Every structure is written in C-alpha cells, then in structure tokens.
Amino acid sequence: MESVKNWKELTPRQRQEERFKRWLNAPGVRFDSPEAKKQYRARVTRFINAIRLEEGDRVPCMLPVGYFPAYYAGYDLKTVMYDYVKQRDAWLKFMRDFGDMDSFSSPGLILPAPALEIIDHKMHKWPGHGVGDDVAMYQFVEGEYIKADEYDKLIKDPTDFWLRTFMPREAGAFAPLADLPHLTPFIGIPIFYLSAFGNRAIQSALKTMMKAGNEIVKWSKITGEVARTAMKAGYPPLSGGMSGAPFDMLTDMCRGTTGIIMDMFRQPEKIIEAADRITPIVVDEAVKVAENSISPVIIMPLHKGDKTFMSQQQFEKFYWPSFKKVLLGLINEGLVPMPFAEGNYIPRLETISDMPRASIMWYFEYMDMALAKKIVGKTNGIMGNLPISIMATGTPEDVKEGCRKLIETCAPGGGYILSAAASMDKGNVANLHAMMDAAKEYGVYK
Amino acid sequence: MARAKENAMKKWEEMTWQEKREERFKRWLSPKNVKFVSREAEKLYKARVTRFIKAIKMEEPDRVPCILPMGYFPAYYAGVTFRTIMYDYAELKRSWLKFIHDFKDADSVNGPALVMPGRILDGLDIKNMKWPGHGLGEEAWYYQFIEGEYMKADEYDRLIRDPSDYTFRVNLPRTAGIFASFDKLPPLRSLQGNRLGLVPALADPDIRRAFQKMIDLGKEYQKWQAVVTEVSQTALAEGLPNMRGGMAGAPFDTLADMLRGTQGISVDMFRQPEKIIAYVEAITPQMIEQTIQMADNLDCPVISMPLHKGDDVFMSDKQFGKFYWPTYRKMLLAMINEGLVPFPFAEGKYNNRLKQITDMPKSGVVWYFDQTDMKEAKRILGNVSCIVGNVPSSIIVTGTKQLVKESCRKLIEDCGPGGGYILSGGAGIDKCPPENLRAMMEAVEEYGRYK
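Chains as they are written, first to last, in this note's numbering: chain A, 1 to 446; chain B, 1001 to 1451.
Chain B on its own, in the form it takes in the complex:
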C-alpha cells in the first residue's frame, strides 16, 4: 500500500492487520487527490467515512450508516434508459451528477464504473453477455450473463498448467469475437527460438486486425474512463464517500461462473472433484495478489465481492465446506492481513452458511446479505462481523414510502444494537419511486441514532 506504507511509523511487514487497516482507514479519511467543494463537504465526508469505519469495527457510530441501493437508478431518475448511459457518456455523466446533486445527504455514492461502455462491448464482440439492444430489448435495464461451458470438462490440466496461456489462446477466442484469431497465436512463453516475442505472430493479418482494434478500443476506453473518473471525483468532492474501493470474487465462482457453468461444475463436483480443488487452490494466490495490487491504488480499502454459487440453494453445507469455503476463506484472511476490508455480497440465501462463515477474525469482514434472515445473521454472525442489508427490492420498487421506512425500522431494531450494522437494500435498484430511497435515509436518521 504505497502511501500508507510511506507514512507509517512502523514497517508495513511488522504491523498487525489492525495497524495496517488503521493506516488504510487514515488514507480513506483523507484522500490525497480530492479537492472538496467546501469545508462543509470535507467535514461531511469525514463524518460519513467515520460512520462506516465504526460500523466495520463493530463499534457504535453516531447513527446506523446507510448504503443506498442505487444500482442504475440514476439513469431512470434522469429520465434516460440504461442503454443510453451505456452508449452516451455525456448522458452518463449528466444522470450521475443529477443523482449526486439531489441525494446530497446520502452516506455514500457509487461511481458509474459498473455501467460498461456499450461501444466497447460491441467492438470486443462480447459473447458471454447480453445487454440492452444487444440480445436484450432496448428498454432492458441490466446485462444478462450468458452462462455456458466456456471451458470443457477435460481442460482442467491445461488451465492449471499454464493459466494465462489458457486465458489467451482458449478462453478469449471463445468469449469475445475480436479475439477469435487468438487460437492461432503461438504459446507466448516461448522458451526457444528467435526471441522476437509476439512479433512473428503479428505477421498474421487476423491477429494484426485484433491488435489494431484493441488499440482503437483502448482510445475509446480512455474517453469512457475519463468520464467515470470525473464523476467519481465529483461525488467525493461533494463530500460523498465511496464504500466500494475495488472488486474481487471467490475462486470457486470464477470457475463456476466464467468457465464451467452451473451444469458443468455440478457434474464436476461428482466426477472430478479433485480437479476443482486443484484449480481453485492454484488460482487463489493469484487472485489474492491481484486484489492487493489493485487495492494499493485505492483510497477506500473496502473490497466488494459479489458471491454466487455458494448460496443455500446451489450447494450443500458439505459441498460448501469442501469446494467453496476453504479457498475463499484463505482469500479473505490474506486480504484482512493486508489491512483490507473484504465486503462479500452474499447473493441468494446464506442462512445455512452463517455458522461456517463465523470462522474469521473479529471485525475482519463486512458481510452484505441479499435474502438471508438478518435476525439470524445478527444472532449467529453478529459477534464476529459487521453485517449489511437487506430491505427487499420488492418493497423498494413497488412499496410505499411508509412500507420502506417500516422495513428499515425493523432491520435497525434487529441488527443495530451494539453497532456493526449498515442499512442497505437486498440488491441494487434500477427503477423505483425516488422517495423510497429517501425513506431509507430518513429511517436511519429517525431510528438509527445511537445514544
């Protein structure tokens, strides 16, 4: 962690994880490159970050903090479609800035980095996703991941033996049209021969076209990136912190979501369980390294981790203990040990997992639940972790303001006592009456004060 490491009195390697985390929290509290619009904005920023930090540390802040489930709501709120903000960066900016302006009293705001640039998806000819106007209706409000066996059952050895070779020459041609010619690439790790590296491969016209296109798309990416950065910086300058520094995931999910698909992985759990374990064990240190490297460039040490295939309906407790948890746990511990705050988002239901996941250092992880019973979560996990959640999306989208407020009150009563709780929705919201989001802020103000 570049900056914290410089400032720290003690050597980074000699610090406890709590000390490292304090250094990262300091950086989050005083971000170097943010020019606040006013003293007031700066004061608010610090108060809000402090609120989150206290909740993370399972202490009582001034009140329960709230992460508004803003999803892609800013587009709806600004009167444009999701497709519009994917393709029109000016509209992306306008809608996000409007949201920032109108929801100034929120505790945090996400930047628009998860609104993928449509022109780039088109240019890459992405095969494993649908998006509005591309496989989905123009009015659709989300992407759809297209699951499949992008990796065949007998390819584990090849994947494990040289993961990046597999990525380049097998996976990329299957997942993006622009890389179709990469199946013609020679192995990049050439141990022999003329030492011209990739250059001879670039004599192939198809491969040249792919590279030229990447360069062109790289320029487009810069344009999009500039807007995302500007908007995210504006939110910070207005005093609205970000509660998601970076993103990572669980090793098993990488394999199940991206490579083998639900069907493939289900069969593998019976037919070749040892291959699954060999792969997740091999990929774990790489994912850890990549995550820590990414986080070192960020002010916010909270790492959002959407989880998929470990939920109650997908696998048994025994399978979770065998395939999912050991490597994911390793990853969490490694992140904690670097002073990061893993922020897993347990999509689906985690009722059966609650006990198993208590096996963590106190206050190391912040667990965000989608449909898990929060009362039970507080009872079982509440002594170990800060928990986050989970006003049902159905209520936020279709309910009245009173209903939303009532749901928040109940959650705060169940989960708030003693600290270690952050109010949020069960999932990101795309369209809803704006007052239902405001109701959540009102609820924490009214019911969430600690005395």
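Here chain A stands alone, though its shape is the one from the complex:
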C-alpha cells in the first residue's frame, strides 16, 4: 500500500494489520448515517475476527447471493447483462428489501453483453448467445487456445504472447493483433511501433475496441453506483479482488482439460516452467488490484486441483507448488487469500494446511467440514458449505437446520464464516433469510 510509510519494512502481519485498518475505516466513504457506519464496522470486525481465528460477537455469514437479485426483481440474467439500469436497480432493490447482511457486493461478475458482442468474444456463451435465453449462468468455452508447442512463447515474453497469440484467438475483434510485430526488439524506438498502425485491419481492431470501451464506460458508470451505495449503507464488500492458481490459468485459459492432461505426461516440465513463470505475474496483478480496493480479501476460484481431476501425486507436482507461492506472495503483501475450492478437496487437506497462521480463508464446496476444521482449522479460517440443493429446493427450516449443524461443527474457537457451497441464482428469498437468521441465532459466541 503506497499510502503507508515504510511499507517495505513491515512484516506480513503488520501489513495485514494496515490493510485491516483500511477495510475498517473505509477512507473516503461517507456513510448514510452514524448507524450505517456502526453496522459497517461491526460487520468488517466480524470478518476480521474470523480471519484472525478469534471469536468476536458471532459467526459472520456470506450469503450465496449470486445472480439472485436479477430474478428477485423479476428479471433474468440475460436482461441484466444487456440493460445496465435494470441491473443496478435489481441489485439495489434486493439490498434495500433484504435488510441486515454481513456483506453485499456489486454485480461485478456480470459482464456487459453489448461489449462482448462488439468484440465478438469467443470464450463464453451467455443467455441468448450460445445458450438459451432463460439460462441463469454463462458457460465458459474451453479449448486449446494455446497449442502444445507454444509454451515457450508464453515463457519467453508473457505479454507479447498474450497480445499477439492469445488475444487474437479469444475474440474476433482482436484477431488482427496477430499481425503486430514483436514490439520488444524495437524498444526505445517508438516510431517503429507505428508502422503496425498503418495496417487497416489493426486500425479497425482498435476502433472496435474503443467502441466496446464506450460500452464499458456506460456500464461501469451505472453499475459502479451499486458498490458505492452499498458501502454508504453499511454493507462492506468481502472480496477486494480476484486471483487464482497458475495451473488453473494454464488449463482453463490456455490448454483446456484435454490438452493439459496430455501435457502432464508428454511435457510435464513445460507445465511447471510456465506455471513458475506466471507465478510472480499473478501475485503482482492481485496486489495491484487490491491497491484500489477497500477489502484485502482476494477470492480465488480453484478448478483443476480437485480430487476427480488429478491424483494427489499430480496435485503435489503440478498444482500446489506454484499455487502455494502465489498464496505466500499475497500473504507477504498483507492480503488475505480466500481460495474457493470447487469440487472435492478432501484429499488435499493435509497438503494445503501448510500455511502461516491466520493468513488465509479456505472456502470449500464439497467437503467434510469436521475434517477440514480439524486439519486446516488449526491454523486458518474455513468457510462453507451448505449444499446448494438445500438452498435452492429446501424449505427455510431445512436451511436453518443445515446451518446450525455447520456452525456447531466449525464455529467453536472462531475462524469460521457461514456460507453455502455455491451461489444461488434462482430460489426462495426466505432461504437466504433463514441462513442469516441461523448465523444470528446459533452463531453467537459467549
């Protein structure tokens, strides 16, 4: 944090303290009322306590809100992807109607569909564009966006690789970027860059990107209001940024599941080299994003490290070493990684418990939470994992009962945030209330 003097000399713990202070003080935020400010501080304190493995007043709760506000307001995902005003209004309506929550965030993960269309984005399908109008999610389009023999390009000059090899494949409008020359050999002679801009296809790619940029301006102006309004009303954001595991980035974005599986046998050393190469980049990127955020928590959705995808041996060889470096890199900067282990992480518990105390928050999907509490919970906070089936189809009583059990298992001694196993998009708002009620009723520390 540039605002803090002597940042370089601080220990990771001191840096975390500084970031907690900022989260708590929310510099620049003018709260709606003294009550809102009081609530805000109480909520942030609750999360900080959980991270620090302290008990505090009660178990904090992260509601699995997802795209629910869109449906709650009578819209659907497609509508709010195309109509930014409806998006904003739906989120604000949900916030105002719901009342007490420990955190509430803006709908940042809903991409502006008009911009996606302008650039002819190929990596996702979304409602009305590749998947049905009424689908409540987008679909990632996995593929071999980089070829088996292209690891070295990524390793040698990552940004060049991204600009001239990867980007042209991820969106139609970026395709002409493949015709750019490699800029680095011309370093210091800016006029050489310009020769590429005489190329009409590149000019038109830039124009298209600027047109999509207009859309982003509109979108962020309107939806940015949600985050500001939520803060002022006393709802802190839990997450201040997003990051992930280098192996997932190589798999999800670059090689695809099929490709990476082959590589694990045919060219294992390239995977490791590439993961090592992007590790410091991933850390830098997360740190940079966090500079502009209030919350120091970095959510990290994890994909390909789960039990069904790879063996424990492969996890230890390909997945964990670089991911561990990323985690330690973030911790070293005073950030709090919040890995979201999608799928089954039961066999990984011993491996991942090797982390500094009170520095990370593990969020589990499919998990034996008692075991997680026993192994990971000794040193770090955990969160999870009410099955989404109960959230979406159960009664409020079912939800409350599930939460009670989770709290009894995970809450003792602190270090637990109540949440579901994934987000709920459609369902009964009473089930969200039931979860919040459970935290207040069963989660109080004495």
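There's no promise every hint is true.
Straight-line alpha carbon distances no greater than 20 Å define the calculated SDA-like cross-link-like pairs of lysine to any residue that follow [what the hints assert, rightly or not]:
no., chain 1, residue 1, chain 2, residue 2
1, A, K207, B, S1181
2, A, K153, B, P1187
3, B, K1410, B, R1063
4, A, K147, B, E1289
Quick caveat, the hints were computed from the structure, so don't treat them as lab data. Remember, predicted model here, so these are calculated numbers, not experimental data.
With chain A held as given, fit chain B onto it using these hints.
Only chain B this time, still in chain A's reference frame:
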C-alpha cells in the same frame, strides 16, 4: 523465407546455410514485384547484384563494387533542407528521384526509409530524439539521439520477467509523450478476470486519446510509407539494387543505447554484470526471430546492423568478450544459418576487435568499418569476411575530387586483391561536392577492375 522456400528443390530445413543463401540470392537477383523500365535496366540490375554477391562470397567480381555513402545527400543535392524532406513528402520524393536520375551509374541506392516522417515524430512526441526544428536548429542535417537512463538500475528483473510488459507500461511512457498514459494500463497479460482484454483500459479517457492518436498517425504513416515505397521501387526499376534489405542490431547495444545509457551500462558492468548478461541472453532469441521474420518479406538478404558500444574506445577486449560478443555472435550465426547476410557497420574503431570477430564461418558476414585500419582488417579478417569501407568523411566532404579518388585507389590496392571487398565511405554523407561521390564511381571503374 516464403518464396525461396516454395521454389527450393530441397526442404528448407535440410539445406546447408550456403544453399539457403543461394536461394535468397536468387530472389535478390530476380525480384518478383519489380517492373524494370527497360531490358538494359534489368541487365544492369543483375550485373550489379552479381557484383555484390561475388564480393560477399569473397570471389572476384568484374570489378570492386561500390556503395556510395549517400546518407541524406539527396536533400542537399536537390537544394532543400533535411527538415524539408522530413515534413514534405513531395520534396522527399523529388530529391530522391533526382538523385536516382543523376547517379544512374551507381552500384546501389538506398531508399529514403531512414528519413523519418517529422509529423509522426511530432505526433508521437518522441522524447529520446532531437531533430531539425525540434531541439535542433532548422538547418541541422541529422537527428540527435538523447541518451539517458530510460531504464533504472533496479529494473532489470522486471524487464527480463516480462519484456513486452516492460516495453508497454514502463518504456513507452518514458520515451514518447503520446504514450504517457500507458503507465496506467493494466498488465495486458491478464490471466484472470473478465476476458475483455484491453477493452476496460479503453474506458480511461487518456488511454482512449492515445489510441485515437495512434489511429490518426497510422494514416499519416501510410502516406509516408507510400512515398518511400514508390521511390524505392523506382530505384529498383531503374536498375539500381538496394544493398540494405533490413536492419537489426546487437543485443548489448539495445540495452546500452536505448535503456541504460552509456553511464548506466558502464556502472552496471561493474556492479551487476550478471544482470546485463541475463538480459542480453534473454533478448537474443527474440531479436533473432524478429530479424528473420522481417527478412522473409524482403528481396535483399543483406541485413544492415549499425553497432555502437562495442568499439575500441568504449570497452576493453575483455569486456567485449564477456558482454558484447557472445550474444551478438549467436545472432550472427543464427542469421547466417537462415541464409541471411549480416552486414554489421562497426561505428568507431574496431582495430582491437579484428581478431576476435574472425570466429565466424567463411564469407558468412560482411563487415563495414568506419575508422578501422583497412589494411589491418584485410590482413586479419580478410580470409574470413568480405570487408567494406572507408574513405574518411572528412575527405569526401572537404577534399577535392583528386583526393577522394586517391584515397579510393589506396583502399582498392590494400583491400581489393583476391576479391571480398566493397568500396564505401566511412559514414553516410549529408553534404559534399557531388563530384566527390562521382569520383568514387570513377575510382572503382579505373582501379577496381579484376583481370
């Protein structure tokens, strides 16, 4: 090499470097897109290229070939300033065409690609150069590079870790005003997140302005490019080949000239030598790849390589052997192996380097010397490389025609025997009596015939 690769009988990868070079020479001899003005022009073109090829291969051609040190002389010759041809493309064209017309018996002519378009330099707001009317007097006849520590001593790791990221977000804002806002760009290699690429960055008004300006300047660049291409094609059509296909440089110079500056690099050679080596080693394969890619689009396989910081006065032999030569040698070998002809221009003095640079395949490189002792060059390097040079600019600019001719005669006597020599000036000439250039052509005709 697209076209040679198609025509070749053998697979490109299986050819020796000499075979690859022969394919490239064939393409140079019969350029596809040139419409010669006459049979005679075509015949002359082929005779001239053949002369150069023989010299490169260290054989005796019909006579010693000559590369006139024409520099920006065409502007002077046409009665306009250098600034005029930088800004006025019509005048650029007129002066070059006049030169082509009046020096028809030259062995080669350079196109005007090195006359940078002034409006584009202005538009980019280039910070590391001065030019006439922009930091230099209106009458100045050259650009002045402004050396500086454009890269700080502690930035090596960042540069090595992701070179293009460094280029975009650190170097560009420091070297051109138009890119000042690029220090606000997010890293382009986004491994995470919304997959909108550069688009969100374009929501920033400053970055948008930079992109809009690039598009506008791109159009201006096209105009300039069209004139340069037209003039270069005219020279070829008139039968005047080009002896410089493309341009490249030495890895160490990129670092020393463009990034760290003389002072910075001198300190680094003592304080952090391993960082210098790590960087030049990292950049070398990229420079090789870029050079070969560029050359594949060219008819002429000769790649001009101006060299700066490896000369006798800048570093010791030991430093040259440690910092400069290993990666530069690698680059030369890679180019040779692709059938290209590296044409290093050793600015300054290379007397102490002559022995070291003999470590190359025979006839692989053509060495062009500025102030090096040519007799010594012939003695030490003459068995390995064709050499080029070096009538002193002082004589060409201020001397008489007789003096120029005399200097040429001496050079031809020292360096001509056995072939492998091309007569030229020690540097490009901007202003001189026109007959002094003609004297060089007369000298090769009179003294340079092989029997």
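Unmet hints by their number, sorted upward, for this structure: none
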